[in-house]
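Student: Build the full structure now, drawing on both the sequences and the hints.
Given next are the chains, with one letter for each unit.
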Amino acid sequence: MTQLPTSTERKLGLVIDLDTCVGCHACVISCKGWNTENYGAPLSDQDPYGADPSGTFLNRVHSYEVQPLATSAMPHPAAQLIHFPKSCLHCEDAPCVTVCPTGASYKRVEDGIVLVNESDCIGCGLCAWACPYGARELDQAEGVMKKCTLCVDRIYNENLPEEDREPACVRTCPAGARHFGDLGDPDSAVSQLVAERGGMDLMPEQGTKPVNKYLPPRPKDAWQGQTDVLAPYLEPVAEEPRGFLGWLDKTLEKL
Amino acid sequence: MPASQPVIDTSPKVSDEVRKTTCYMCACRCGINVHMKDGKVAYIEGNRDHPVNRGVLCAKGSAGIMQHNAPSRLRAPLRRVGPRGSGEFEEISWDEALETAVPWLKPLRDTAPEKLAFFTGRDQSQSFTSFWAQNYGTPNYAAHGGFCSVNMATAGIYTMGGAFWEFGAPDWEHTKLFMIFGVAEDHDSNPIKMGIGKIKARGAKVIGVNPIRTGYNAVADEWVGITPGTDGLFILALVHELLKAGKIDLDYLACFTNAPVILNGDPKSPEHGLFLRDDDGKPQVIDRKTGKLVPFDTPGVQPDLTGHFRHAGITHRSVMHLIAERYLDPQYAPEAVAERCGIPADRIRQTAAEIARVAFDEAIEIDQPWTDFRGDTHAKMIGRPVSFHAMRGISAHSNGFQTCRALHVLQILLGSVETPGGFRFKPPYPKPATVHPKPHCKVTPGAPLDGPHLGFVHGPDDLCLTDEGTPARIDKAFTWENPMSAHGLMHMVISNAHAGDPYKIDTLFLYMANMAWNSSMNTRGVMEMLTDTDENGDYVIPHIIYSDAYSSEMVAYADLILPDTTYLERHDCISLLDRPICEPDAAADAIRWPVVEPDRDVRGFQSVLCDLGARLDLPGFVNDDGSQKYADYADYITNHIRKPGIGPLAGWRMGESGLTHGRGEVNEGQLDSYIQNGGFFVSHVPEAAGYYKPWNSAYQDWAVEMGFYDAPQPYLFQLYVEPLRKFQLAAEGHGERQPPDHLRERIKTVMEPLPIWYAPFEDGHVDPAEYPVHALTQRPMAMYHSWGSQNAWLRQLHGHNPLYLPTKLMRENGLRDGDWARVSSAHGAITVPVMEMAALNENTVWTWNAIGKRKGAWALEEGAPEATKGFLLNHLIHELLPPKGDGLRWANSDPITGQAAWFDLRVKIEKSAAPAESQPAFDALTSPVGKGPATLTWKVST
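Sequence order for the protein chains is A and B.
Each residue of the first sequence is one higher than the one before, counting from 1 in this note's numbering.
Each residue of the second sequence is one higher than the one before, counting from 256 in this note's numbering.
The hints are simulated quantities; they were obtained by calculation from the structure and are not laboratory data.
Incorrect hints may appear among the rest.
Claimed, not checked - On the chain B side, residues computed to face chain A include the following (Cβ under 7 Å):
hint: 1; residue: Trp478
hint: 2; residue: Ala611
hint: 3; residue: Leu1115
In this text, a Cβ means the ideal position worked out from N, Cα and C, and glycines have one as well.
Tutor: Okay, structure coming up:
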């Protein structure tokens, strides 16, 4: 069993905007590229050109169809498609750490990032079993557990320009749906965004206290056969061409 | 255990060097930083300084490393040794390859250059490849626009001098309502995502009109799940509502459009419906101040929208009269269109009201004085912050041209084009149709063609017809069947060549176009045409040369393969002469350069054309002494002069006193300057020139300075497109050049100079009761416009493609996810796996396009899901419509532009027992490159 720190100096994490994510997978592949070349063993791919390709990814996008419930105001709500990127949430009470038999999984005191020390990892898979989010993947080539590092080798990296010291997925996201920062600081931009947009924990009932937050999709399809108070139906100036041209002439006179 | 927390290196070395070039994973052409380690490509990210992507990069771009190292890369020139279609080849040297091609091509050029058909697919060097074809002398050249989105481009250019995608963009900084039609993904893929993210962050609204709710439509605040093929009707109903309420921008229409231009009203005149022009040929308007007929650009004129002019007993009226008469007609009322569009009438009204409210009640003003082309000065720039965008969903129908026109007319009536918050052009656009070349087709054996192949026709006189009136081009572009086919009709080349209609060809030369698979309608038929033999046992299409970097399905059907490089191994220019990478506030162009050298015996296709051009003694490719003019494509990019002071690249040219931009002489160090600047050049539009570009003197002057045109070209937006009327006049019997009788009625009907809607043609050729379901395709964002669906990382995202069915059709057919269904059209049938999707128009099915692969292609194992479960809808679509009993076969294309009408498809669905694999299944091709490795652990540093 491995202990979690009683507290961390910062709580670095991601805020992911489900209202804006278009499901393009840019974050998935940018993550794959950076983390194949960098921290620890490469993210391997088995049968990459074959019948059952299966590789290690630290971040995946799932798409869910959602059928909103009918209400009296909205009797036939349209189905929606929500794109849901998922990676390690760097939980405060990370069960993947406490379950680790070797101490390979740990949560950093200085920033709260949950990491795997690959040289101590025996690939037993207990942490993946303990994680309620399915955020860890055992690399089949290396036999060690892989997970999001929050790009720990980017965010402090003095060989990168300061503006690039953020996770690869955040840097690449074309829609700007991913934000990175200190969620332990209530004044940080990410904390403010969470406060403004009602940012949510994923599966809070699991008691993991995830650091990453999700911004929920805004309400959609407000149109339901009701006239919008801001935009009542247009008032006709004429019903047929002659009347319209007459209106046009009069209006032009006034201009 | 915090005490034992490992110490890790948080500042590892990232790379030895960053090389900045241009992505080629799709048509977006973002700037990329290629991180190099030990001389190898280690990581690819977006370039923050680049005007297109500002640092972000999509999944395709980040997966470029897998594309560059793909096992499907061709390794050396290949000569076919087995029968066509087998995939059996031998590797040969480049000299052997080129000396195989020369004896095929040289005699043709000297006798009948039209017998070479040279068509390029996802070509980003069209100004170069067309230059080569023009110097060869064949009229048969085009790229893939005819089966992609020519309706969108052509409708935009005829109407307003530019279209969506690389021609322009919404004003992301100011727009408050953004409405998209038929957009799954776009050529401008990262800018659209950046823009949507930006406007959603500030609370602007997005309305998505699409039968399928994925991607951008999934994040839209409102989704309109329209019936396919009816977007034009919906748009014209919005126009009806806006006109009826007087919610149009009268000042804008009077000053900047042809709404006040007077039309010849004499039904007996051969010019009936054409503009009344002055002696200089200028369209005329009535001046409200004087009541007199004057040219539209007269200084101080106040064009009268309701102007009319009576002469010799005939009343000639303004375009605005026709607009009122047509669109106030009850046929466009919301109630009249609701059922057909699948949109409740109240919702159409509400949408019109919302557009009007944002455009007029939330209008914005920018304190920026500007002067228009008539010399009038305006104190402010007034914006109508409603913007629109559209893509293949509305254009790939047989009514696509008129639908795209309808959308442009809608945004012009609102006054939201080239105004703050609306749609803005990207330099070198706007450019009216009249400034573009006309198509050329005059063949002289042994000499170049008489001008550029592709262009814009302005009437029957500009059609590409022979003296006998037959089509001059193998694809029958610019003929009565599709007069405004500005991008050619690549999808008709093989079937016409096989049929010898309008004539037989000798050599088919293709580049980066997968015509034996996903880029053709009627895929099986095309494979048969490519392998068919005549009575002597010779191939009906005698020679096929193909250039591709990868072992695509098309490779197996060629006789000679010229292997191209990957995009990281080559020179390219993303030229202002071609389809540039500009943004509304900046002109820009870019290069690719070899950030790594090829490790195979491959050459950039354009460099090969420089060599082949010299071997064929093509003017433009040889010096006066007959020696090769351009050593390679880089040499051409640097030294080619298109006209005085203008070359392929606009940056760092040589001026009288040092380096200059825009116009200038050759600079031998130009490519180095580009490399030092991150691979691109950018020149910002002056502040006063940012909006109203077609009429803004500050912009027009800057455009001349930059070399986009030689003199200011102010023009009016063409709500009424006069060239369309000229074709109608011909069909009515006027003029020398007359259409064949069987096309007269169709030309009269569809070539309406004001947008109309008519039902997709397939509806009239197949029984909608027998085939009640619409069938569509989209490409996923991670593969859009990509040559790389075999990519090891991307294929793990989309390795096979179910057919998505709406809940209603799943239930009606007793289907569950993972079941199989037989899907049939009037042309063919496929049997494929299905999956339910609720956020889908209830009479529409769809799938991801181009996931399905042929066994043996792309270095994939034969059991790859792309081949066993993946499939193409192409098997259901024919290039011709089914016979309807009139003795004729009508093209499955837009009758104005010839755009392939992929999305007119109607099908029926039946549950099927699960076959062993998707049907139809084809024999495996022999892979000329073997198969990929069993495992990847891709780390270049040790």
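Student: Which hints from the list above does the structure break, by number from lowest to highest?
Tutor: Violated hints: none; all satisfied.
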